[in-house]
Amino acid sequence: MSEKGLKELKSEVKNLNFYYGDVHALKNISLPIERRKVTALIGPSGCGKTTFLRCVNRMHDLYSHNRYEGEIILYPEGINIISSSIDPIEIRMQISMVFQKPNPFPKSIYENVAYGLRVRGIKKSQILAEKVEKSLRGAALWDEVKDRLNNSAFDLSGGQQQRLCIARALATNPRILLFDEPTSALDPTATSKIEELIIQLKDEVTIIIVTHNMQQAARVSDYTAFMYLGEIVEHDKTDKIFTAPSNKLTEEYITGRFG
Amino acid sequence: MSTVFERELEDLKGKVLKLGSMVEKAISDSIKSLVERNSKLAADVIDKDPQVNAIDVEIDEECIRLIALRQPCAGDLRLITTAMKITTDLERIGDLSVDICERALELNEEPPLKPYIDIPRMAEIAQGMVRNALDAFVKRDSALARDVLTRDDMVDNLNLQVFNELLFFMIQDPRTVSRAVKITYISKYIERIADHATNVAEMVVYLVEGKMIRHMAVPGAN
Numbered sequence: 001m002s003e004k005g006l007k008e009l010k011s012e013v014k015n016l017n018f019y020y021g022d023v024h025a026l027k028n029i030s031l032p033i034e035r036r037k038v039t040a041l042i043g044p045s046g047c048g049k050t051t052f053l054r055c056v057n058r059m060h061d062l063y064s065h066n067r068y069e070g071e072i073i074l075y076p077e078g079i080n081i082i083s084s085s086i087d088p089i090e091i092r093m094q095i096s097m098v099f100q101k102p103n104p105f106p107k108s109i110y111e112n113v114a115y116g117l118r119v120r121g122i123k124k125s126q127i128l129a130e131k132v133e134k135s136l137r138g139a140a141l142w143d144e145v146k147d148r149l150n151n152s153a154f155d156l157s158g159g160q161q162q163r164l165c166i167a168r169a170l171a172t173n174p175r176i177l178l179f180d181e182p183t184s185a186l187d188p189t190a191t192s193k194i195e196e197l198i199i200q201l202k203d204e205v206t207i208i209i210v211t212h213n214m215q216q217a218a219r220v221s222d223y224t225a226f227m228y229l230g231e232i233v234e235h236d237k238t239d240k241i242f243t244a245p246s247n248k249l250t251e252e253y254i255t256g257r258f259g
Numbered sequence: 260m261s262t263v264f265e266r267e268l269e270d271l272k273g274k275v276l277k278l279g280s281m282v283e284k285a286i287s288d289s290i291k292s293l294v295e296r297n298s299k300l301a302a303d304v305i306d307k308d309p310q311v312n313a314i315d316v317e318i319d320e321e322c323i324r325l326i327a328l329r330q331p332c333a334g335d336l337r338l339i340t341t342a343m344k345i346t347t348d349l350e351r352i353g354d355l356s357v358d359i360c361e362r363a364l365e366l367n368e369e370p371p372l373k374p375y376i377d378i379p380r381m382a383e384i385a386q387g388m389v390r391n392a393l394d395a396f397v398k399r400d401s402a403l404a405r406d407v408l409t410r411d412d413m414v415d416n417l418n419l420q421v422f423n424e425l426l427f428f429m430i431q432d433p434r435t436v437s438r439a440v441k442i443t444y445i446s447k448y449i450e451r452i453a454d455h456a457t458n459v460a461e462m463v464v465y466l467v468e469g470k471m472i473r474h475m476a477v478p479g480a481n
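Just so you know, the sequences run in chain order V and F. Quick note on our numbering: the first sequence kicks off at 1 and runs consecutively. Quick note on our numbering: the second sequence kicks off at 260 and runs consecutively.
Because the hints were derived from the structure by calculation, they are not lab data. Predicted model, so just to flag it, every value in this text is computed and none were measured. Backbone N, C-alpha and C fix where the C-beta goes; we use that ideal spot for every residue, glycine too. Since no wrong hints were added, every one of them can be taken at face value.
Computed list of chain F residues with no C-beta within reach of chain V, every gap over 10 Å:
{"id": "1", "residue": "V357"}
{"id": "2", "residue": "L372"}
{"id": "3", "residue": "D400"}
Some chain F residues near chain V, calculated using beta-carbon distances under 8 Å:
{"id": "4", "residue": "Q330"}
{"id": "5", "residue": "C332"}
{"id": "6", "residue": "A333"}
{"id": "7", "residue": "G334"}
{"id": "8", "residue": "D335"}
{"id": "9", "residue": "L336"}
{"id": "10", "residue": "R337"}
{"id": "11", "residue": "G469"}
Pairs of lysine-lysine residues, derived as BS3-like cross-links and limited to a Cα-Cα distance of at most 25 Å, are as follows:
{"id": "12", "chain 1": "V", "residue 1": "K134", "chain 2": "V", "residue 2": "K101"}
{"id": "13", "chain 1": "V", "residue 1": "K237", "chain 2": "F", "residue 2": "K470"}
{"id": "14", "chain 1": "V", "residue 1": "K193", "chain 2": "V", "residue 2": "K131"}
{"id": "15", "chain 1": "F", "residue 1": "K441", "chain 2": "F", "residue 2": "K284"}
{"id": "16", "chain 1": "F", "residue 1": "K277", "chain 2": "F", "residue 2": "K344"}
{"id": "17", "chain 1": "F", "residue 1": "K470", "chain 2": "V", "residue 2": "K248"}
{"id": "18", "chain 1": "V", "residue 1": "K240", "chain 2": "F", "residue 2": "K398"}
{"id": "19", "chain 1": "F", "residue 1": "K398", "chain 2": "V", "residue 2": "K248"}
{"id": "20", "chain 1": "V", "residue 1": "K240", "chain 2": "F", "residue 2": "K272"}
{"id": "21", "chain 1": "F", "residue 1": "K277", "chain 2": "F", "residue 2": "K291"}
{"id": "22", "chain 1": "F", "residue 1": "K441", "chain 2": "F", "residue 2": "K291"}
{"id": "23", "chain 1": "F", "residue 1": "K272", "chain 2": "F", "residue 2": "K344"}
{"id": "24", "chain 1": "V", "residue 1": "K101", "chain 2": "V", "residue 2": "K193"}
{"id": "25", "chain 1": "V", "residue 1": "K240", "chain 2": "F", "residue 2": "K344"}
{"id": "26", "chain 1": "F", "residue 1": "K307", "chain 2": "F", "residue 2": "K272"}
{"id": "27", "chain 1": "V", "residue 1": "K240", "chain 2": "F", "residue 2": "K470"}
{"id": "28", "chain 1": "V", "residue 1": "K37", "chain 2": "V", "residue 2": "K101"}
{"id": "29", "chain 1": "V", "residue 1": "K107", "chain 2": "V", "residue 2": "K134"}
{"id": "30", "chain 1": "V", "residue 1": "K193", "chain 2": "V", "residue 2": "K37"}
{"id": "31", "chain 1": "V", "residue 1": "K107", "chain 2": "V", "residue 2": "K124"}
{"id": "32", "chain 1": "V", "residue 1": "K248", "chain 2": "V", "residue 2": "K237"}
{"id": "33", "chain 1": "V", "residue 1": "K248", "chain 2": "F", "residue 2": "K272"}
{"id": "34", "chain 1": "F", "residue 1": "K284", "chain 2": "F", "residue 2": "K299"}
{"id": "35", "chain 1": "V", "residue 1": "K123", "chain 2": "V", "residue 2": "K107"}
Pulled out of the complex, with its shape left as it was, chain F reads as follows:
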């Protein structure tokens, strides 16, 4: 039989997961709206962002309440502080998905520059990082969290590749500059999403092992 506090912690985890699944969907929908030139889907993602913000605030308030009333320590304390921190990252991922949708809406008004190839690949990796970081959070699996950290470089490299390719377009034909810059932004947004997923994974390592590994070199990553 679990105590009231244990049930509260389970509820908290549930809320973090709910937020996580909302932003994961926001990422995939934002990329879909871009690739399929679906402006309605982009507008949907933008409309749903206030729900993401509301859960972010709700989780923060719940964490503050638990700290004040339960005076948690050890694993409980690490769970609550981790929830507070990763919620901020998840909410930012939601914002970045909205940014992608805003650029998609603009791009959808103009003729396509070229088929999107690397952007969906980047997004898929970044979204996988978010999903696995959250899986690691739920299962308290620090090995999985560390695996997420190794994938950030792939996204960084793709971002650079996208930029170089678009630079070539812009040099060739200045009429592409407006569209190419917007796509560069999108690539950067995805790269930021992967950075936030990395933060989440680092906090999961803290949750499980009690070790802060932020701003340290990651084995297996460059």
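The shape of chain V in the complex, shown without the other chains:
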């Protein structure tokens, strides 16, 4: 437990190490994840941001030579997300991921959002319809798609598809939402909508976002962690990181002098 109270923390990463076979990709990562706040991960390509994000919902389990060490504690239960005794499917229900490129299923708009609910065994059409609407509203997409829910998800624009993916992630009431460069394939207008959405969503859910866009980290996040060569170099409030970082390496990275 850090000095922060349990109530303020959604998760806490303690001495996390991760290996792709022999490659030691994450080194002794320790990071508090505050509840209902946005934590941004920044750092040059290959520093381990995405690797870290994928640890949080056990995506690395898909390959047998990957190995975790340490703890990612999920509060309030205090369970260790990466413990082998915890079912990764259950974790992914509670910790959803939105990827760099919009990746809707080749199904209708409605079915994209309902999919996770059906997997969870929800069959009643009224409950499904209510949850689909709530999720689409939560992702600020409802007004744009309510009259064409049965159209293919691929009819939507890139920005709309990404919001659909967010709605799909929201449908299962996740406790943590992971965003892996969610706007790098979008234009400025769509980007700004997603950013507004991220800020709204934090009333309900804890968010971790990986971004290559410094200004995006500055705009949407409450906390920023700067990663380099698999380690966390500095973690602090975002305004502190962007006005007066403590570490010289952080300063050089965010001012564009290396990386």
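Could you slot chain F onto chain V? The hints should help.
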């Protein structure tokens, strides 16, 4: 090899320094025009003030341009915001030097009241504060900036001393009132110059350490 942005920041620093050296000269010339009763020098300082104003505007515009186009953060952001703020203070120091010259022109028309002793001392301290605050800005030396802050009280005390002395003159002989009031003004102008130098030094501490120390008690000062 430096980037375009780094060169732009160097140019910005250069402009702030140029403004600083202009107002430093304005302070010393204004006091010289008073002490040596040199009205031509006073008129020169007044004539040069539009140049000071022009650089002030130029620096502001450059800072706004850099913020808009470069989206600076961390040390770069602090440098640009510091430049904007200290430029305002430097420009005000220029204005106060003009005020000193205007009073000097008036005083030079009348017989001297007494030799100036404390006023040049005050001006020397205030000018040293401006110079050191700018040195601290260039060298990113927050210790030097903090040292500047400790000197403001000396100027305040001298200002009070000058006022008390002039009050005595005025009580003794009402014919001195007009001249004594003008000298009191000059003393106050110098005291304001030291205040602006203090602001500059405080911004330099922010630039270097990322800490706002304005409106806080300064260790070593009363």
